[in-house]
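Those sequence lines, one after another, are chains A and B.
Residue numbering for the first sequence follows our numbering, beginning at 84 and increasing consecutively.
Residue numbering for the second sequence follows our numbering, beginning at 61 and increasing consecutively.
To be clear, the hints were calculated from the coordinates, so they are not data collected in a lab.
There could be a bad hint or two in this list.
If you want the footprint, here are the derived chain A segments under chain B, 3+ residues with CB under 8 Å [stated by the list, open to error]:
#, stretch
1, 172 to 181
2, 190 to 204
3, 250 to 264
A quick note: this is a predicted structure, and the numbers were derived from the prediction, not measured.
Glycine is no exception: its CB is placed at the ideal position from the N, C-alpha and C atoms.
So the chains spell out like this:
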Amino acid sequence: MIYLQLLWSFFQIGLFSIGGGYATMPLIQHQVVDLHGWLTMTQFSDIITISQMTPGPIALNSATFVGIQVAGIPGALVATLGCVIPSCIIVTTLAYVYYRYKGLTMVQGVLSGLRPAVVAMIASSGVSLLLLAFYSTSGVPADWAAIDWRAVLVFAAAFFILRRWKSDPIWVMAGCGLAGVVLYSIG
Amino acid sequence: MNNKMNKYRTLFLSALQLSTFTFGGGVVIIPLMRKKFVEKLHWIDEQEMMDYTAIAQSSPGAIAVNAAILVGYRVAGIAGALIAVLGTVLPPLVILSVISFFYAAFRANQIVSMAMAGMAAGVAAVICDVVFTMGAGVLRQRRVLPVLVMAGAFAATCFFGVNVVVIILVCGVIGALDTIRLERRERRKEGA
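Please put together the full structure from these sequences, using the hints given.
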């Protein structure tokens, strides 16, 4: 019955995590550490670290990690499934509603109010990511002078390439990974 | 039929590729998706991409999964949504399965952590690039209200840590009120 428990736990994580990213963390901790004891707190902080270093949303990463620890590969599959079921139902419904009523003036008005807000929210997470890259903290840095100049260099080069040639972000990021290896090996 | 299968395949492979390169989660997927589906494949337009971002952020679940569902649904209905989700879910599933077996060695590897540090700066650059592009679109409307909404929403998330859902609700209401106001003005003009 461990499979049903995994499915149900991650279904709840999928259902109640709004806004994505680090907003999901306390929910995962509650289900996985406090409620079921599937992971210790140390293992939980490991999974956060892994999530930062690997692709994919944190909820899906922890679903796979916890699933494997608890019940092997089938556990990972079941936990991942549980995690995406709420999205599949809710967002598909919203997509239907969006295309059905998109033409209405009122819906257009609401959406046009949202667009500048979307840009603002992306900008805000850009600021956190910049701080994380330059100071290894997503909050206000303790010492503004302790900036990682190599990260600044990589950022500036990548930004220039993206603006100037409209390059594919995937290749730019792969290049940044390579630049990181080269720059950090030198110093 | 062949055409449809091709579309499914492109959708699946695109989702797979995007998910594989989305480090850090959250809205990082948005600029990558925009490049792929708006600029390269022309499957969706710029405005739809912004609407998707708002819907994906304010719905439950991972933003990457939600955005994949929206794009998949637009391109090929329910089947498209499921295919896009499958493509999005597979990379973390495979990568995390491998890593959870080799975690200790992975964490200790210096080359890996150097590459990760470089990529962190790259992710920031990608996000800044999309903010410039999308922000220019808002400024081009030459209206004061959207600019005020943009500045207000930025201050709210960045400095005051206001919940994303609250911001989306408030801005939706502002958009609705603005529409009512504009329509009234139109009607008055017609009446005069």
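Results of checking the hints against the structure:
With a threshold of 8 Å between beta carbons, the proposed coverage of the stretch 172 to 181 of chain A by chain B holds, since 7 of its residues qualify and at least three are required. Here the stretch 190 to 204 of chain A counts 14 residues with a CB under 8 Å from a CB of chain B, which clears the bar of 3, and the coverage holds. Check result for the stretch 250 to 264 of chain A against chain B: holds, 13 residues qualifying (beta carbon to beta carbon below 8 Å, three or more required).
In this structure, every one of the numbered hints holds.
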